[in-house]
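*Asks:* The primary structure of each chain is shown beneath.
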Amino acid sequence: MLQIDIEACIGCGVCEEECTFDAIEVIDGIAVVNEKCTLCGSCVDSCEVGALSIEQKEKVVQADLAEWSGIMIFAEFRHGKMVPVSFELLGIGRQLADQQNVPLSAVLLGSGLGDAARDLVSYGADIVYQVDDPALEYFTDEIYGNILEDVAREQKPEVVLAGATAIGRSFIPLVATSLATGLTADCTQLAIRPEDGVLLQTRPAFGGNIMATIECPHTRPQMATVRPRVMKAVEQDAERKGEIIDYQPKPERLQSKVRVLQSVLEEQDQVNITEGDTIVAGGRGLDNEKGFELIKQLADAVGGAVGASRAAVDSEWIAYPHQVGQTGKTVNPKLYIACGISGAIQHVVGMQSSETIVAINRDPHASIFDVATYGIVGDLFEVVPKLIEKIKERRG
Amino acid sequence: MNIIVCIKQVPDAKDVRLDPKTNTMAREGVEAIMNPFDRHAVEEGVRLKEQHGGTVTVLSMGPPQAEAVLREAVSCGADEAVLVSDRAFAGADTWATTYTLGKAIEKIGPFDLILCGKQAIDGDTAQVGPGLAKRLNIPYVSYVRKITGFENDTILLHRLMDDGYDEVEVPLPGLLTVVKEINEPRVPSLKGKMKAKSLSIKTLNAGDIEADAGSLGLPGSTTQVVKVFAPEFKGERAMLSGTVDEQVEQLVNKLEPYL
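Protein chains in written order, with this note's numbering: chain A, 1 to 396; chain B, 1001 to 1259.
I should point out that these hints are in silico values taken from the structure, not numbers from a laboratory. Treat the hints with care, as some may be off.
Subject to a maximum C-alpha distance of 20 Å in a straight line, what follows is the list of computed EDC-like cross-link-like pairs (lysine to aspartate or glutamate) [unchecked claim]:
hint : chain 1 : residue 1 : chain 2 : residue 2
1    : A       : K250      : A       : D132
2    : A       : K334      : B       : E1256
3    : B       : K1202     : B       : E1106
4    : A       : K257      : B       : E1169
5    : A       : K390      : B       : D1245
6    : A       : K81       : A       : D115
7    : A       : K390      : B       : E1256
8    : A       : K257      : B       : D1112
Use the sequences and the hints to build the structure in full.
*Replies:* Pasting the structure below:
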């Protein structure tokens, strides 16, 4: 609990201003804390007279903290293929491992893995622990969780990363709870603090309106799931050397109470918008379903895919697989053209890492222009047809 | 079937903003609501009860005001409501939260099924459901979008995956987290509203759930927030000017490398 030393407090109100959560108020010249307090501690640092403190019971620090060393990633293999986020994890994992001067390992689980472990080495893994077993053909939280937990206990990595995919976000919390350690979901930035080797894990919260940096100071491993398509994979190098170890799980660790009867692949509405180099996206400014015809024509002209804001999807002008943003897909194409999209933060977090962003909107104050490389203020129904025409001219 | 549905009161996340200058969360006009995913969990619990009998108990950990969402759930068909509330819970991360909820559930008594929303819209972690299942040592399935059957104490369901869905069976007792596609939550009935108004909500504090004080709230958390800030954008904001034709011409020139 936040302690306020009423003798020391001068009622200056600095803490009240500092508090992000509106949890402190100066009443009758003394700071008073309410139930909104999350114990974030920012007021404690701000108080010039040292009147605030957070009662810290002696934290139980895991005894063997210093013995945990190395960066480990979970490589997701599904339906006979490596999921791309696995290579992105190796990209960020490589950076962290080089900084700490420790090995980068990958845990690869599945059935019929083929050369997948080699691929992981070529993308930066020093060691791959692989289990190729029919029990791993389908994903189950229990078996995948058991094996990752066992390998982590034996190898003692300081950091364990997995993709923030349906699979990663489902079973990594089980592993973290089993290992009695902390976990941060859906990170978009990771860095190691050089002084003490603590992993600083930054992620969006409140639907992307706020960013929070989180650390896991007293337990190991430090675990995080990482948002796909945010980190960059390193260039593949087929000559890279690495060790591939066939890990032998105990038979009882290959049992699951949950049983998968079958795994059904669904048509991803023809185009997968996360893979192309160009996306043309439309929003509320299109007015109706017909407006998307224009977006499709522009997309065809530039050879790109069609994206949409949540407003457009909620209005049923286009199907959900096209949705870009916090509750849709994260994309980072080379070129993103936003037409009639206001630029709500929930949309922006899903496309801000695009190389070049073009915004076309009739409202000069639309926040989409804040992230745009080039902006045109105007009626998209006038601008876009002309743009299509010009592009066709250029491309011959 | 005895069902426990875990629900959370959250600020309506789409309205939350951080003032980049003061680093203060603008909360004016931000409403406290039931986490949207939890509404679907409550609805699914009530539907299962209607088909197979049993009771639905809604459980929430939060400040005393969280009572509002418990009453709302009762108005939508839940039978009992339990609030776990104590100042000692402040600052809890998902690790401390699953500990607390686990202890509360042990106190509530035997259950067949626990339902949770896939994630809360304030923290967006999706970690409490799976973590809670581990605390209780029961099997779980995340991202459930359809329950297709229930026989011999086993639930058949479809779980949403990134590339489609898996058909899964899970023996009870177990825990499921649900996505919005699973159902369309009902609006409260008049009878439900009456019941919600008069129902006395059972409140449990840290002592009642026999929790170890060091495992609660901030002291019991494995993670710590060290910094909160507004997202930054790197847009160059080069606004084009001139007639529409001129602007289009300029733009096409700029986009040359991509065409």
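*Asks:* Look at each hint and say if it fits the structure.
*Replies:* Going through the hints against the structure:
Taken as a hint, the K250 of chain A and D132 of chain A pair is honoured in the structure, with Cα atoms around 13 Å apart against an allowance of 20 Å. Restraint check: the Cα-Cα separation between K334 of chain A and E1256 of chain B comes to about 12 Å, which is no more than 20 Å; the hinted pair holds. With a CA separation close to 15 Å, the supplied pair K1202 of chain B and E1106 of chain B stays within the 20 Å bound. Taking the CA atoms of K257 of chain A and E1169 of chain B, the gap is near 9 Å; set against the 20 Å cutoff, the hint holds.
Between the alpha carbons of K390 of chain A and D1245 of chain B the distance comes to roughly 9 Å, so the proposed pair stays at or under 20 Å and holds. Between K81 of chain A and D115 of chain A the CA atoms are separated by roughly 10 Å; this keeps the pair inside 20 Å, and the hint holds. Distance hint between K390 of chain A and E1256 of chain B is fulfilled; the C-alpha atoms sit about 11 Å from each other, no more than 20 Å. Distance hint between K257 of chain A and D1112 of chain B is fulfilled; the C-alpha atoms sit about 15 Å from each other, no more than 20 Å.
Checked against the numbered hints given earlier, this structure breaks none of them.
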